[in-house]
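Trainee: Residue numbers (the numbering used here), protein chains in the order written: chain A, 1 to 185; chain B, 1 to 138.
Since the hints were derived computationally from the structure, they do not count as laboratory data.
Where hints are given, some of them may not hold.
Stated by the list, open to error - These stretches of chain A come out as covered by chain B in the derived footprint (C-beta under 8 Å, 3 or more residues):
1. 6-14
2. 61-67
3. 84-91
4. 119-132
5. 144-153
Said to hold, decoys possible - Derived BS3-like pairs: lysine-lysine, alpha-carbon spacing no greater than 30 Å straight-line:
6. K58(A) with K3(B)
7. K72(B) with K58(A)
8. K59(B) with K54(A)
9. K58(A) with K64(B)
10. K135(B) with K58(A)
11. K54(A) with K34(B)
12. K6(B) with K72(B)
Unchecked claim - Not close to chain B: a few residues of chain A, all C-beta gaps over 10 Å, as computed:
13. M1
14. E2
15. D56
16. K98
Yeah, the Cβ is synthetic: ideal placement off N, Cα and C, and Gly gets one too.
So the chains spell out like this:
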Amino acid sequence: MEYILQPWPWYVSGPCIAIIMFLLLYFGRTFGMSSNLRTLCAIGGAGKRVEFFKFDWKSQRWNLVVVLGAIVGGFIAHHYLSHPTNIDLSQNTIEDLKMFGFENAGQSLLPPELFSWDAVLSIKGLSILIVGGLLVGFGTRYAGGCTSGHAITGLSSLQRPSLIAVIGFFIGGLIMIHFIYPILF
Amino acid sequence: MGKYIKFFLVGIFFGIVLVKSEAVSWYRIFEMFKFQSFHMYGIIGTAVITGIILLILSKQLKVKTINGNYLKVPLKARGLARYILGGIIFGLGWALCGACPGPMYILVGTGVFSIIIVIAAALLGTYFYGILRDKLPH
Chain A
1 MEYILQPWPW
11 YVSGPCIAII
21 MFLLLYFGRT
31 FGMSSNLRTL
41 CAIGGAGKRV
51 EFFKFDWKSQ
61 RWNLVVVLGA
71 IVGGFIAHHY
81 LSHPTNIDLS
91 QNTIEDLKMF
101 GFENAGQSLL
111 PPELFSWDAV
121 LSIKGLSILI
131 VGGLLVGFGT
141 RYAGGCTSGH
151 AITGLSSLQR
161 PSLIAVIGFF
171 IGGLIMIHFI
181 YPILF
Chain B
1 MGKYIKFFLV
11 GIFFGIVLVK
21 SEAVSWYRIF
31 EMFKFQSFHM
41 YGIIGTAVIT
51 GIILLILSKQ
61 LKVKTINGNY
71 LKVPLKARGL
81 ARYILGGIIF
91 GLGWALCGAC
101 PGPMYILVGT
111 GVFSIIIVIA
121 AALLGTYFYG
131 ILRDKLPH
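Pulled out of the complex, with its shape left as it was, chain A reads as follows (with noise of 0.2 Å):
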């Protein structure tokens, strides 16, 4: 028990990972978070005004059903399975974020900096997770996946177009953390 309250290292959990991909391989799926946002505006009527929302979103209910497990293992994982639940991050990275105003980075799961309901309703605080989430959002779609699956499934399987979304990914990723934030924070 004191291994599965204890964070899990990554060689545990990349392999884990894996397995999950392969297990919605043999019920005949695949690996692929960001559809269930295509899926989620398919159902709010989205295919009434534009042609890529039309499909039969019925089809993958499955996936959705994937999500609603998703969020009950995180509520599992976090209440019941954790004890620290704080992250044991580098020091360097610890000194990073207090320069950028971050304090006590690694002492919660996310930092209250961004997440706090203070933070929420600041104009900085609003704008930084909805233009996050509006890239998310697009750039996934554009991208034809994102990290379960690109950089998960698309790797594994050995396909170039992963492996340049996967490039994608760190780019954009490096261009906004080296550059973008030292002028946000």
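Starting from the known structure of chain A, fit chain B onto it as the hints suggest.
Mentor: Chain B only, in chain A's frame:
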């Protein structure tokens, strides 16, 4: 209902793994893009290596899915612009809010309800893509 149970269970396992691996943490994403820890690279790297092995083995052993077809991964369409441009746009967002689409949902379960704003914005972003799709290079 019965046929959905297995997907629900896979989802629960996925949620648990991503929380326990700390991949849902904004801090870990920041640290990854700063190259200050091997942790996230270890997770993605071992996931991909294990995935490659599992897929090669299932091809060798002619593993069939529960539907009776040979297990294989659908191929992504050919292209360059959509993957590099879409990838960069996603990467910018991933680093900004520290959450990709899987963790977004999982974080709701951990009780971080402000992440719902990110999910709502992601839905809107997906909708904008749907509108602009024909005008974008793919």
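Trainee: All the hints need checking, so say for each whether the structure fits it.
Mentor: Going down the list of hints, with the structure as the test:
no. : hint                : verdict
1   : 6-14                : holds (count 8)
2   : 61-67               : holds (count 6)
3   : 84-91               : holds (count 3)
4   : 119-132             : holds (count 8)
5   : 144-153             : holds (count 9)
6   : K58(A) with K3(B)   : 14 Å, holds
7   : K72(B) with K58(A)  : 23 Å, holds
8   : K59(B) with K54(A)  : 34 Å, violated
9   : K58(A) with K64(B)  : 24 Å, holds
10  : K135(B) with K58(A) : 28 Å, holds
11  : K54(A) with K34(B)  : 40 Å, violated
12  : K6(B) with K72(B)   : 19 Å, holds
13  : M1                  : 13 Å, holds
14  : E2                  : 13 Å, holds
15  : D56                 : 16 Å, holds
16  : K98                 : 12 Å, holds
In summary, the numbered hints that this structure violates are 8, 11.
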